[in-house]
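Student: Here's the letter readout for the chains.
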Amino acid sequence: MKNAKFLILRRIVQILILVLFFGGNYWGWKILLGNYSSAYVFESFYLADPYAVIQMTFAGVILATDIYIGALIIVLFYALIGGRAFCSWVCPVNIITDFAHWIRRKTKMNQADIKVPVKRTIRYWILALGIIVSILTGVAAFEFVSPISILHRGIIFGFGFAWTAVLLILLFDIFVLRNGWCGYVCPLGAFYSIINKISIIKVQHTHDKCTLCMKCVAICPERQILHMIGKETTQVKSGECTNCGRCIDVCDDNSLKFSIIKFKKNK
Amino acid sequence: MVMDTNKKDMSRRNAVRKVFQGAGFLGIGGLMWGGFIDKAKASDLTLRPPGAIDEKDFIKSCIKCGTCVEACPYESLNLAKPEDDVPIGTPYFEPREIPCYMCPDIPCVPVCPTGALDIKSVTTQNQETKEEKLDINKSKMGIAVVDTESCVAYWGIQCDACYRACPLLDEAITLVYEKNERTGKHAYLKPVIHNEICTGCGMCEHACITEKSAIFVLPVDIATGAVGNHYIKGWDKDDEKRVKDAKENESEETDGAMDYLNNWEDLLDEER
Numbered sequence: 001m002k003n004a005k006f007l008i009l010r011r012i013v014q015i016l017i018l019v020l021f022f023g024g025n026y027w028g029w030k031i032l033l034g035n036y037s038s039a040y041v042f043e044s045f046y047l048a049d050p051y052a053v054i055q056m057t058f059a060g061v062i063l064a065t066d067i068y069i070g071a072l073i074i075v076l077f078y079a080l081i082g083g084r085a086f087c088s089w090v091c092p093v094n095i096i097t098d099f100a101h102w103i104r105r106k107t108k109m110n111q112a113d114i115k116v117p118v119k120r121t122i123r124y125w126i127l128a129l130g131i132i133v134s135i136l137t138g139v140a141a142f143e144f145v146s147p148i149s150i151l152h153r154g155i156i157f158g159f160g161f162a163w164t165a166v167l168l169i170l171l172f173d174i175f176v177l178r179n180g181w182c183g184y185v186c187p188l189g190a191f192y193s194i195i196n197k198i199s200i201i202k203v204q205h206t207h208d209k210c211t212l213c214m215k216c217v218a219i220c221p222e223r224q225i226l227h228m229i230g231k232e233t234t235q236v237k238s239g240e241c242t243n244c245g246r247c248i249d250v251c252d253d254n255s256l257k258f259s260i261i262k263f264k265k266n267k
Numbered sequence: 001m002v003m004d005t006n007k008k009d010m011s012r013r014n015a016v017r018k019v020f021q022g023a024g025f026l027g028i029g030g031l032m033w034g035g036f037i038d039k040a041k042a043s044d045l046t047l048r049p050p051g052a053i054d055e056k057d058f059i060k061s062c063i064k065c066g067t068c069v070e071a072c073p074y075e076s077l078n079l080a081k082p083e084d085d086v087p088i089g090t091p092y093f094e095p096r097e098i099p100c101y102m103c104p105d106i107p108c109v110p111v112c113p114t115g116a117l118d119i120k121s122v123t124t125q126n127q128e129t130k131e132e133k134l135d136i137n138k139s140k141m142g143i144a145v146v147d148t149e150s151c152v153a154y155w156g157i158q159c160d161a162c163y164r165a166c167p168l169l170d171e172a173i174t175l176v177y178e179k180n181e182r183t184g185k186h187a188y189l190k191p192v193i194h195n196e197i198c199t200g201c202g203m204c205e206h207a208c209i210t211e212k213s214a215i216f217v218l219p220v221d222i223a224t225g226a227v228g229n230h231y232i233k234g235w236d237k238d239d240e241k242r243v244k245d246a247k248e249n250e251s252e253e254t255d256g257a258m259d260y261l262n263n264w265e266d267l268l269d270e271e272r
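Taken in sequence, the protein lines are chains A and B.
If you read the first sequence in the numbering used here, its first letter stands for residue 1, the second for the next number, and so on.
If you read the second sequence in the numbering used here, its first letter stands for residue 1, the second for the next number, and so on.
Be aware that a few hints might be false.
[Unchecked claim] The list that follows gives simulated cross-link-like pairs (lysine-lysine, DSSO-like), each with its CA atoms no further than 30 Å apart:
hint : chain 1 : residue 1 : chain 2 : residue 2
1    : A       : Lys-115   : B       : Lys-133
2    : A       : Lys-115   : B       : Lys-8
3    : B       : Lys-133   : A       : Lys-30
4    : A       : Lys-119   : B       : Lys-7
Because the hints were derived from the structure by calculation, they are not lab data.
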């Protein structure tokens, strides 16, 4: 496959993490125990889903220190280095939503889209609502409905009816809304979008090389962030960029690449 | 000018409308979400791993990572799937399938990152050396209950499967001997559970020979009653301390204890 370097790299990382978790449960590997909500790494320290920890804290419980440290490590990693890389390099739901988007492109579904009167900002409201409902019900609200958790628990601990969550996201993304789950609904993605502002790795667009083929915009799961295409040489600054690298893959003109954040304004 | 202010007015009104619309959407979403969770978190009959804190706090504190499930060498623990009748993603066990085998090193508890499984609740301290030691016998996963109707030992048939299976042999379950009056020459060997010792491991439930187990573990809250402060063991000095916590009962009736035998006229039907 040409033009799929980052796609293949991402799938390898995603599946490798899944296999490590899976091996932790079924084959007794000690590399990654637990799951994406909280992982016990080499039986020495924990990592934790920061949004889950925030919800649990608002639900009114003081947790053990391990879990706060684990959440802090994750926040610092993505806030300073990876950006929203969790979504495209780690989260297993990404494989489903990318597949849905691929079907959409192959069937040219995007051209026949019904205009849906919702904005992508709705995810930030769902993020806030998750915290409010956590306060009201006294339990971590999103963790009780999250198809992300249902999916990774399903893969690692036995599937059961978890496939319904997979089907739900797949159908939603194919038929209801383009990039619907990751781009409009998911509060975890919204959370990483917020903490993503100063992260080091950003996509750089070079205007001079661009031939305006718009392949990058067609493939981008968050197309609104590529507003600079054909206009100016700058970095993708939006926190909503998942650093998936698909735009770089499909660009035939070498006008997109990963780069280190520049704080000075480009001319 | 007039048109301009009108337009401004309209857009302002629309902005206000949009705010209300948004608030309405959030309200509806929040109510549905909250309503669903209220049902989904009901877990009265769930048996938790050893060392689990009080169920209400457990459900708040568990991050659903399944590290305890992976630590269990007997695969007793499951992580609730969507179709299980247990709050999703939380660990539980079903003794009839696989009971808790009471590992002395309790591998499931120390790995818990959030404190939902509390290591202190399964630790004892040596009085002299102050040395702390894990003690699975301190765990309180539930309490076993016997259905005396379906227990064949209560019929008079000899069976002590639960008694033998119990890891706290002759402590948590004892056999009470009684004469079988029906045959006149046999004895009943009735299993009786001692709540304060039973850990709820469920090895008895697993061992029970009846089609559907006649002895089964229930969560502590479900399996126990509460006396309240009206009754005190007068012969027990410790129990008498409970009176201190007793509150005065305030009742709506102010007459106090009415002497109904001397005021019997009130009790008659007026028509007669």
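Student: Assess, step by step, whether the Cα of Lys-119/A is no farther than 30 Å from the Cα of Lys-7/B, and give holds or violated.
Tutor: Within the cut-off at roughly 24 Å; holds.
Student: Between Lys-115/A and Lys-8/B, does the CA-CA distance stay at or below 30 Å?
Tutor: holds (28 Å)
Student: Are the Cα positions of Lys-115/A and Lys-133/B separated by 30 Å at most?
Tutor: violated (64 Å)
Student: With a cut-off of 30 Å on the C-alpha distance, tell me whether Lys-133/B and Lys-30/A pass.
Tutor: holds (25 Å)
In summary, the structure is inconsistent with hint 1 from the numbered list given earlier, while agreeing with all the others.
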